[in-house]
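Chains as they are written, first to last, in my numbering: chain A, 1 to 350; chain B, 1001 to 1419; chain C, 2001 to 2346.
Simulated from the structure, these hints should not be mistaken for laboratory data.
Because the structure is a prediction, the values reported are computed rather than measured.
Computed footprint of chain B on chain A, listed as stretches where at least three residues anywhere in the stretch have a Cβ under 8 Å from a Cβ of chain B:
id, segment
1, 60-70
2, 274-281
Cross-link-like lysine-lysine pairs, in silico, DSS-like; alpha carbons within 27 Å at most:
id, chain 1, residue 1, chain 2, residue 2
3, B, K1349, B, K1069
4, A, K186, B, K1229
5, B, K1268, A, K186
6, B, K1397, A, K186
7, B, K1182, B, K1268
8, B, K1268, B, K1229
9, B, K1268, B, K1189
10, B, K1138, B, K1349
11, A, K186, B, K1293
12, B, K1322, B, K1397
Glycine included, C-beta positions come from ideal geometry on N, C-alpha and C.
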Amino acid sequence: MSLPERSGPPDAGPAPVGELGDSTAESPRSPVRTTRRRPSWALPAIAVGVVVVAVLLAYLRSGSTDVVSQAVVTGILVGGVYGLVAMGLTLIFGVLDIVNFAHGAFLTVALYITVVMVNRFGVYPMLALVVAVPVMFLLGAAIQRFVLAGAIGKPLENQLLITLGLALLIDNLLLLFFGPNPQSVKLPGDTAVPIFGAVTTVSRLLAFGVALVLAALLYVLLRRTRLGTAIRAVAANDSGAQLVGIDTRRIYMTTFAIGTACAGAAGVLVAPLVTIEPTTGELFNIIAFVVVVLGGMGNVVGALVGGVLIGLTEQLGALLLPGQSPLLAIFLVFVLVLLFRPQGLFGRTS
Amino acid sequence: MRKNWIVGLALAAPLALAACGGSAPPGTPGAGGGGGGTAGSGQTIKIASLHPLSGSSAADGQQMDNGAKLAVEAINNAGGIASMGGAKLELLSADSKGAPETGQSEAQRLVQEGAVAIIGTYQSAVSQNVAAVAERNKVPFVIDVSSADAILSQGYQYTFRLQPSGTVLADQGAQYLSDVSKAAGKPAKKVAILHEQGPFGTAIKDTFTKKAQSLGMEVGPVASYDPAKVSDFTTQVTEVKASGADVLMVAGYYRDGVLVAKAVDTVKPTLNAVWGVANGAFDLPQFAAEAGKAGEGFFDANYHLNGKNPQTQALMKTYQDKYNDQIRTGAVLSYDAVRVIADSLNRAKSADPTTLRGAIAQTNLESLVAQKGPITFSSTGENQGAAPILMQVQGGKVVQTYPQDFAETMYRYPATTGQ
Amino acid sequence: MSAATQERSTEEAVLPRPAWGRHLIVLAVLTVLLIPLPLILPPATQAVAVRVLIFAIMAVGWNIMSGFGGMFSFGHAAYFGLGAYTSVWLLVNHGVSPWIGMVAGMVVAALFGVAVGFLALRYRLKGAYFALSTFAFAEMLRLLAINSDFVNRAVGYNVPLRREFSLAFMQFAPGAPEYFWMALGLTVVAIAVSILFLRSKLGRFTVAVRDDEEAAAAVGVPVMRTKILTIALSAAITSVAGAFYTQYYFFIDPEGAFGPSVSIQAILPAVIGGVGTIWGPAIGALVLGPLNDITATLLRNPPAALSFLQGRAGLDVIVYALLLILIVLLLPQGVYGAIRERVRRR
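Only chain A is shown next, with the shape it has when bound in the complex:
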């Protein structure tokens, strides 16, 4: 058995801000030979600086503070949702090393749970969390235990194809059961809310607020509970964790389940904001991956911040490059991050 690749010369980088950032299971780079010291606040400061510059440029382009402030506010709120979706994904990647392409599909399942609860049983949309989160948790646990467990340690492409297959399966099962017609969920009392010179809706604010709460909860879970410590241990070194008596299989299952439960929560919160069809979740898949890389794989707080940054990129990008798809700006950021700082803004090379 060759040595796990996570060890290597300790490259200098900022001290970990995230929870799983001590040493991520998959180091993005081959061992580096040079060392460079950089203060821990440098990178986030650079990111903020870039955003400020972008905002100024957007103002010059559009000539109106209203438009720019709207872009910034929308960017932050939309980004919060992206971060919310990415939180579960980053946890799964950080611990299980699985690039989970079925994440969007899980989100869609939660969307439909919300539809059923609100439209069939007349429940207030946010209360659907009470049902969706446990259901998704159990679903995730079952899938990990019975399907994905067989792929641990197998090459990356195997896992990838299995999660892809799962995504296809779930999307089409939903199509079969619910039909292709678009559905919608309304949040009672959803009105426009003026904020910082721009406008948004109650449902968006709610989604953002809950995203923050969720991030906080996850942070507490990972830092302050025994389960969280076990998860971080497995993420850092799973053979080592086994040696000290941690049941890694159970941790894998639990972590994946938490990840899908997060997707479930994201689905419930996003429900009033989107048109619900079997393929709605796919919308968030790619962006979620970009956010995960930007924030640092395994780093939940990083996912939230990364999401906000991507949201801002999208909105400001639409202003700065009116003819192009804002996705181009997002992918440019993606590639730059991958090349220059693949461990993300808050992760750490190890």
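Keeping the supplied structure of chain A fixed, place chains B and C upon it in accordance with the hints.
Using the frame of chain A, we list chains B and C on its own:
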């Protein structure tokens, strides 16, 4: 481990064997054309219906396939193709999955199975591919829905289209805006455009801009978006608000149309109207339900089923009874497509695809869709009678408002958005 | 990823001299056996066969870089699409024969592969990060194509239909056997190239680098150059599939050229058949190519017991997805890999 191996191989082997054995029924042998020939009484004439039955456009695709099925039923119940001894029609339904490659191979397979004509396909890229198959196999292809101009500008002889082309839609859309706004005493001065970035939205934007400018309207700002990934329009609508435009033109699909309505409701720009051109949302009853008061007053200049035609009304009722769903214009177009083929078969007195093609080119048939004349085809295969009409969401319902011949009620301009 | 590299067989690295000769002979025999195939098969099945071959070429190309080279690429659509667009652009705008266009496409794709590889390797990305970067590059190409008038934006290109059929312009009657033979020829050449690659010095270096990069560097293998050349070869082969695909389907647009489903299409057959093996990609293509059709056909006319399933949309995709998951789970080394394990254990 050993058991896994055996099971796995057992799975893989029959698949490989079946591949060699031929995945599709042999059908009629011979190259080129289906095996129609002359069908006597008692034989069935096969028509292929190729639509996205799964994937992101499944809702529309399934509707259109249902529409085709209803048409075949109606024709068969009325005695089939009279001039061919009452030969019955048989519909071969297939799923394009919204993918050009699948559309192409399915079209090929259907031709192989003896289809004498194909209707479909909804996505322009898929129709593009199927048109090539149709041309090479010399089997007529009647497009119910697909807007790309490029499909019919390659000199294909075997492809016909029922819906108005993107150019006609955008051109008339601008004309209607000018007419309606002038008649209401508030001529449109500055039109902002929000369009999806694909070929559909871009083509609409280009033609609309040209026509609007020639009619004396100023056009701008123009913003495009990715319909698959967009999740919020408040920034773009704020831009529109800041620009002082009095009309917002929107060319896109269903999901983004709903988001636009939400954004307009949130930002409340002072607009006289939100003007959809060939918009995939604004003339759908589902939109009125989903967007609620946010969608009130929205216009759409689009091809639309003719709610004032008694035949169309009967079809709407039949569809509602059988499928428990409101019929959409796409399905009516598919219904029309089958009618065109049946009518042509009747005139051709033959199911030979090449002869059939000649008969289709001579079609002169009343349509269940609102048009400015009967269905007739130009030399490139475009439906010369096709034209959009103007719809508006009033009181949660989509009503036809212009031109006069099709108006169910008067339009409301300004549409009082932003108050 | 450490466990992963252990799973892969290193036997391919040291092919005893006669072995590659044996592979080539098998290839030749298969070719001869397959030549009369289009004359027996009905045209619809021929279409499936051609599709199988196109998938096979894509997968063989992918396998060179990701299987033999261990550099998992999730953006092979970039090369496929560059092959497609280069050849069709030259054809539509300058009337250049698609054969020449294909070669031009190979060059363009190889250059792009070198650029991507250089960037990714210079910054020492590996594993999932490397894969994501390849994906990002493919997506950027797609977005650029959609927004660029130079390549007709999102409209894409139609291959103009010709009056007469000709080999020089790769156009024949629909269902003509020539398509199959062309595809067969291209596939055979691709597989032969992969066999010769393994036998060559570059191939042995590549596998050595994959198995243990530091040790290889220590004995003097030029790691960076090896990796980049491997990527270039992989790109060139996949681009051929793109060029042929466009001529066969008469149409290409940014989604069909650079979309994520294309990248996945290059990976699937190799994984099903056996990553890092010579015959894996072809076998995988053979399993997958007809899979969609078979499930669709079965569900269109199901046996009486399952008649309630008839006509339900999306069901064939569900069956496809289930089979996919099962095969990947039960045969992690692919069909060919599993067979070879079995044979070796005797």
